[in-house]
Amino acid sequence: MTAFMYHLNYDFRTGLRDRSLLLMNYLFPLFFYVMMGLLMTGINPTFSETLIPAMIIVGVMACALLGLPNPVVAAREAGIFRSFKINGVPALSIVSIPVLSSLLHMAVVATIITLTAVRFFNALAPENWGFFILIFLLVTFAVAGIGMLIGVVSTNGRTTILISQLIFLPSMMLSGLMLPTSMLPPTLYRVALLLPPTYAMNAWRGLSFGLPAPFSPYWSMIILLAGGLIAFGLAIYLFDWDSNNKSRRHNPILALLALAPYVIGAILLA
Amino acid sequence: MEEIVIKVKDFQKTYGDLVAVEEISFDVNRGEIFGLLGPNGAGKTSTLESLEGLRKPDGGNLRILEVDPVRQPNRLRDLIGVQLQASALPASMTPREAMQFFCSYHKVAPRYDLLDRLGLNEKKSTQFGMLSTGQQRRLALALAIAHNPPVIILDEPTAGLDVGSRVDLHDLLRELQTDGTTILLATHDMAEAEKMADRVAILLKGKIAAIGSPNQLTATGGGLVKISVSSEAACLEKNGNNFPNVRQHTLKDSYAIYYSSEPGPTVSAILDYLKDHNDRLVDLRVERPSLEERFLEITHTNHNTGG
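Protein chains in written order, with our numbering: chain A, 1 to 270; chain B, 1 to 307.
You can take every hint at face value.
What follows is a list of derived Cβ distance ranges for each label pair:
1. B:Glu122 <-> A:Val263: 53 to 61 Å
2. A:Leu23 <-> B:Glu2: 52 to 60 Å
3. B:Ala86 <-> A:Glu127: 49 to 57 Å
4. A:Met5 <-> B:Asp116: 24 to 32 Å
With a cut-off of at most 25 Å between alpha-carbon atoms, the simulated DMTMM-like pairs for lysine to aspartate or glutamate come out as follows:
5. B:Lys275 <-> B:Glu232
6. B:Lys56 <-> A:Asp242
7. B:Lys124 <-> A:Asp18
Residues from chain B that keep clear of chain A, each with C-beta distances beyond 12 Å, as calculated:
8. Leu62
9. Asp113
10. Glu122
11. Glu156
12. Asp171
13. Glu175
14. Gln248
15. Leu251
16. Tyr259
17. Asp272
18. Tyr273
19. Lys275
20. Asp279
21. Val282
22. Glu292
No lab work stands behind these hints, which were simulated from the structure alone. What you are looking at is a predicted structure, and each value in this text was computed from that prediction instead of being measured. Ideal placement from N, C-alpha and C gives every residue a C-beta, glycine not left out.
With the rest of the complex left out, here is chain A (with noise of 0.2 Å):
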């Protein structure tokens, strides 16, 4: 097994292992997925009709943006990345890793959900796969690059968790994951267009699932794809080893331009 296979097949198991992400990756999701299957679609019987991506999505978020952060902040400020760095791990391992690793767990927190909700909560199925797949890996990758950012640009814990709930809470309430954009009046719909869940909801509705999509579904995936490798690109830059060197190689407010494609989405798609 090459290193990077090992590194991977670690992560993966540690997301398991270590109880605040197995929070984070598997409970969470799995028991607000069931409790939206048995609340929501009851009180509003279209909810049924997005449950699958919009539940899928409320996972990779958790997983991706509340779960990954934090053990990026807690392992540098701990020395853990200077001994990775003297024993030859690179840089770009210790960031994708992590994402990869995400991309799996949220396959099976995916897989659970889409396999259960058509039997038990009678939601639409996807009627294009192919997109349903491709979505999915735009979206993760989209959310977990910005998950991977805010690890190496913040300082600590609470400035993390603070970052995080900004992007979290938001999507939430108004990426269509609860109610259609379509319901939003326009300036918060122009916020929702700020936040990649948005884009996935979208081309989720217009690709795979048969649903009316408020834009152009293919722009969607052009802005998640072009997000998620910006997000990606600005953490391996922006990547320190150490919080013991005290001046940062590069300057964190660079860590902003992985909002352009969401500015850009806002100001020629609202």
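With chain A's structure known, arrange chain B on it following the hints.
Relative to the frame of chain A, chain B by itself:
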């Protein structure tokens, strides 16, 4: 001619306005154990971490086997094994996983035998966060030497170890030295440095205050050598300080004890005195000041001169 493995020339490291290390130079030869001694804040860790490529020097040159730690970090990784002052691994990683993890990046087979050798046999599957400080230090050492590097850099290697583990570690370092491994270690433990190091450098406020073998350093100080003599007729009890270079004299447990600034002439005169008085020597002991005493002398002198 001895091969220089580690070369430090005019090395300087600053943190803002603070000069942590000020243009120090020293070489370490192949197969040598070289100790860096000094109080907290003397610049030991800054020097080691710059050699390891974790910090960027602000001046001078550093080389390990001709490799520049800043410009050629990837070449450096397989040449050095490092035990950092603060050992850190993911809390959930077990020693067995850590060994496989790091050995896979060094592209060598895992050395589980080192875990046994360092007393971690029963802890192979215990998570790092559950290991004691001493066990964590031993694991860090096992990981540092697992890829058989020609140079090992150890920062306070015996901190937190019990006496038995300390002896085992010293035995292991001797074995590595015998195999030609070069070892650079920073320590507060003077007895350890005196026992293990072929040469030491004493760092004070970022400068080298003294460098040489422990014997050379203890011989060059102003400290007095202790000479303890016991004889059958105890004729020395009547002679007091009347031997050359003796500064102090005392009697204890049938031993006449002299503190001499030059032990050679003093011992010679004592033996002549015993012969002249038809007394027979029972025991003679000559003890140089320890490295710790010499270290304290150097730091005291440095403090008094404001250096």
